[in-house]
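*Asks:* Chain order of the listed sequences is A and B. Each residue of the first sequence is one higher than the last, beginning at 1275 in the numbering used here. Each residue of the second sequence is one higher than the last, beginning at 278 in the numbering used here.
Warning: the hint list may mix true and false statements.
Said to hold, decoys possible - Simulated restraints, written as ranges between beta carbons of each label pair:
#	chain 1	residue 1	chain 2	residue 2	range
1	A	TYR1725	B	ASP289	19 to 25 Å
2	A	GLN1715	B	ILE340	32 to 38 Å
3	A	LEU1821	B	THR284	57 to 63 Å
4	A	GLU1738	B	THR304	20 to 26 Å
5	A	GLU1731	B	ILE356	48 to 54 Å
6	A	SER1716	B	GLU353	25 to 31 Å
7	A	SER1716	B	THR304	16 to 22 Å
Calculated directly from the structure, the hints in this document are not laboratory data. The C-beta atom is built at its ideal place from N, Cα and C for all residues, glycine as well.
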Amino acid sequence: MFRFQSLDEDCTLEKEEGLVEEEDEIDQFNDDTFGDGAIDDDWQEEHKRLAELEEQKNDGLGGLGLGALGMGGMGGGNASTVHLPPPASRERGGGDLAESLAMLILGADPAIASVGGPAGPGDRSTGLPPPPSVPQQHHHPSQLPPHHQLTSYQQHQHLLRRGAAPMQQMNSHNIWENNMGFGPVSVTPGLVTQMEDSPLMSIIKEVGLPNRPPPMMSEDERDLSERAPPPRSSSPVIGSPPVRAVPIGTPPKQLMSHAMNHHQQIHHPTTVHVRAPVHHQHRYPPSFPERISPNTLLNIANSPLCRRPFPAGVGPVLSQIHRAQMLNSQVAGFPRGCKGPPLLPGGGGFRPFFSQPPPHRMGPHPGGPPTNHNHVPCPIIRHNTTHLHPQHRRMLTQRMQSRGGYRGGRVGDWRSRDPYSNLMTQREKEWVAKIQMMQLQSTDPYLDDYYYQNYFEKMEKRQERDRDGVRKEHTTKLITPQVAKLEHTYRPVQFAGSLGKLTVSSVNNPRKMIDTVVTSRTDDEVRTTHTTISPDSCVSRVLPFSLLLFFVFASPVTNVHHRLTRLFSSICPPLSCRVSDEQCLLIMSVRKGKRLISRLIPFLPPLQAATVVMGIARNLPALAKKDKQDQVLCWLVEPVAVVISSLSSASLTDLLQELQGTEGQLSRVLQNKFGVTMLYLILSEGERMQSSDLNCQLMDDNRWTELVFSVTRELLNVPPSSLSPPLFTPPNLLSLFSRYVDRQRLELLQEKLQISALSR
Amino acid sequence: MNYMPGTASLIDDIDKKHLVLLRDGRTLIGFLRSIDQFANLVFHQTVERIHVGKKFGDIPRGIFIVRGENVVLLGEIDIDKLCDHILQQVSIEEILEEQRLQQQAKQKTEKAKVTALKDRGLSIPKADNLDEY
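All chains should be modelled from the sequences, with the hints used to inform the complete structure.
*Replies:* Take a look at the structure:
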């Protein structure tokens, strides 16, 4: 990133001059030509300034070779400036060459951001500051505040142009002096403590500083060859696109300081070739752009500020320290009027790896830059940091800010000493934590995270036990976010003026294909159009019966009667001699019900049994119809037979009457096997009664006779095909019929009976 | 600030020295500087530590960015307890040499095993430990 100009005797100054001026070698991305480095309106002013200075400082440093000049010529400014100072210096002799160079470097170099323009002119007269040890930065305390407003590069340039070119170096040192420090170091407290947390400083401390260069004085012979190449701002790589202000994939957007906004305009970072003298006391340095990476800090410090062309051995790392110090001193300020950028203890080579813990040699610095942090919001653009990534700069500023508030409470002390700590900002940590929390959203934590919940409960209990609940808040509980109950129903997108629902759908909002609406018929709405007896209701009635019946048999004898009564009463409404037809039908319409009745009848008291049988007889046609599928009415035969045989004559007659019932019922009865059987049973019983018991009252009223007559009539009339064969034919039917019908009919009846008997 | 107490969030591990074992078997030791939601890790001042027997060697690697899916395990190292009683640190060259020898020996035994199996008519397909396609 930094075009480190090696300024040995083969310095390609001429070549570079030519490079700049040759039209056919124009590089589009070269800032020198087209970018920031191409500002070339300074040189005249610079020249004037320098000229004035030269005249004033005749007894300056003297003896400084042009090597120094060449070195100083690097950095800000422009190409053509280079030409002038050397000649000027040469004119005045070597003595004031150093002066002019220093001035040039400190004053005109945009890379060294000057703080405080007004100091410039005023300082012209002051001439060279006293020897290095006296810091002068405290002389101009008042200059700081206004200059914190100066944030833009343009403003800085303005300052430069104002020609504040006193011989004020950053730390009021002679730029030739070793304030940037090569060599093992006296740690000047001010700077170091300011920057104690900065990665750079600690690195610098670790690394140590390069050795002091030999004094420049003896380098007269190096002249043109040592001249500084034209100041260049560097594009990071020639031919590469400009650095993005916010690179792709940046996670949280850092808050941009005011300064940064200006800086966004500057895409090409400028090199940190410090050439011009600093304007005046950089007492209040612009705050560091946040978190310059240590390497870049080193690069910053790598200004050839007070160096002559380096000996070859000096590597970039070392020279960067100069920049660091310069920068740092500007950044940190000098609260206690300390001597200037402290030099770091030499530590041997750069020890990037932690075979030992990073050495911390900075003394504790309780004071910190006193006013620095108050004014941070608008840091002055450090032009030697313009090469930095905007985020780096911001982060560095942020870190600087945070340093100010960090006093005492050294919780992670080693961490505070760790120069690379807090690379991840608080905001970023929160961002990651937020994403992680999003995964924990849950409507039912016990379902989603059973083990964690249990673990936490156990832990809490244990803590309560241990601490007796004194410190309740000991463990902080992880509060997972609750899932918002959102409306998830689909609402089709509707646009005004459109017809219907448009096909606007997405992954999260899929389109419904059909506007189906769920309709469920409630029970109220269910209406039977005709009086059908749903099987459900039948079974629901029957089932309890069966249960009851079961209990009847299962229970001890004493309860039987009671249960039976209950059973019966459920069929037959109490206090009525008729079985409720509806109930009976319901029960009998299911097969189970028929079986139930058939089981029940034997256990019923005779009267009730008779009632039941009556009911059956009465409803026989309907039952027969229902039974068409099941054909299980015949289960009833046996019990019914038993009942019939126990019937009295009157009830028998009633039964027969019931059986015959309405008009046409008998024919239906005859069609049904059970019906026929029942009929025969009745008749047979009647016959038996008559034949056995002379006092039978069956004949007392005419009903029996009439009924029998109607039966015979029916039997005679019914076609043989429709006469259903009974289960059995009692033998005494003929004798019964013989009483009532004449011989002819009797024979017919006989045939009928026989047919039925035969067909069975 | 206590980030997500009771969880294994890596936020509290930041700026601490960690040892991470990767899926390809490498062991890295470094300061954990940054994480993200995928547990991608940014290690600083990373050292790859190779263990062979009781010897180990550290190869400095600088800054490492580890993709989260390649992490097998990650554990904090106590800086204060930095002495390895049992293990003996050797130079990089030595440990690499040792590793090479170890690999060689392993390959030899593996080869011998395969040959022996082949002679007996069995062929066990080599388990593919690496996700190489």
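*Asks:* So, for every hint listed, does it hold in this structure?
*Replies:* So, going through the hints one by one against the coordinates:
For the pair A:TYR1725 and B:ASP289, the supplied restraint of 19 to 25 Å holds, since their beta-carbon distance comes to about 21 Å. Checked against the hint of 32 to 38 Å, the pair A:GLN1715 and B:ILE340 passes, with Cβ atoms roughly 35 Å apart. One distance hint, 57 to 63 Å for the beta-carbon pair A:LEU1821 and B:THR284, holds here, with the actual separation near 58 Å. Range check, A:GLU1738 to B:THR304: about 41 Å between beta-carbon atoms, so the 20 to 26 Å window is missed.
Between A:GLU1731 and B:ILE356 the beta carbons are some 35 Å apart, a value that contradicts the proposed interval 48 to 54 Å. In this structure, A:SER1716 and B:GLU353 meet the distance hint of 25 to 31 Å, their C-beta atoms being roughly 29 Å apart. For A:SER1716 and B:THR304, the Cβ-Cβ distance of about 36 Å falls outside the hinted range of 16 to 22 Å, so the restraint is violated.
Hint compliance for this structure: hints 4, 5 and 7 are not met, and every other hint is.
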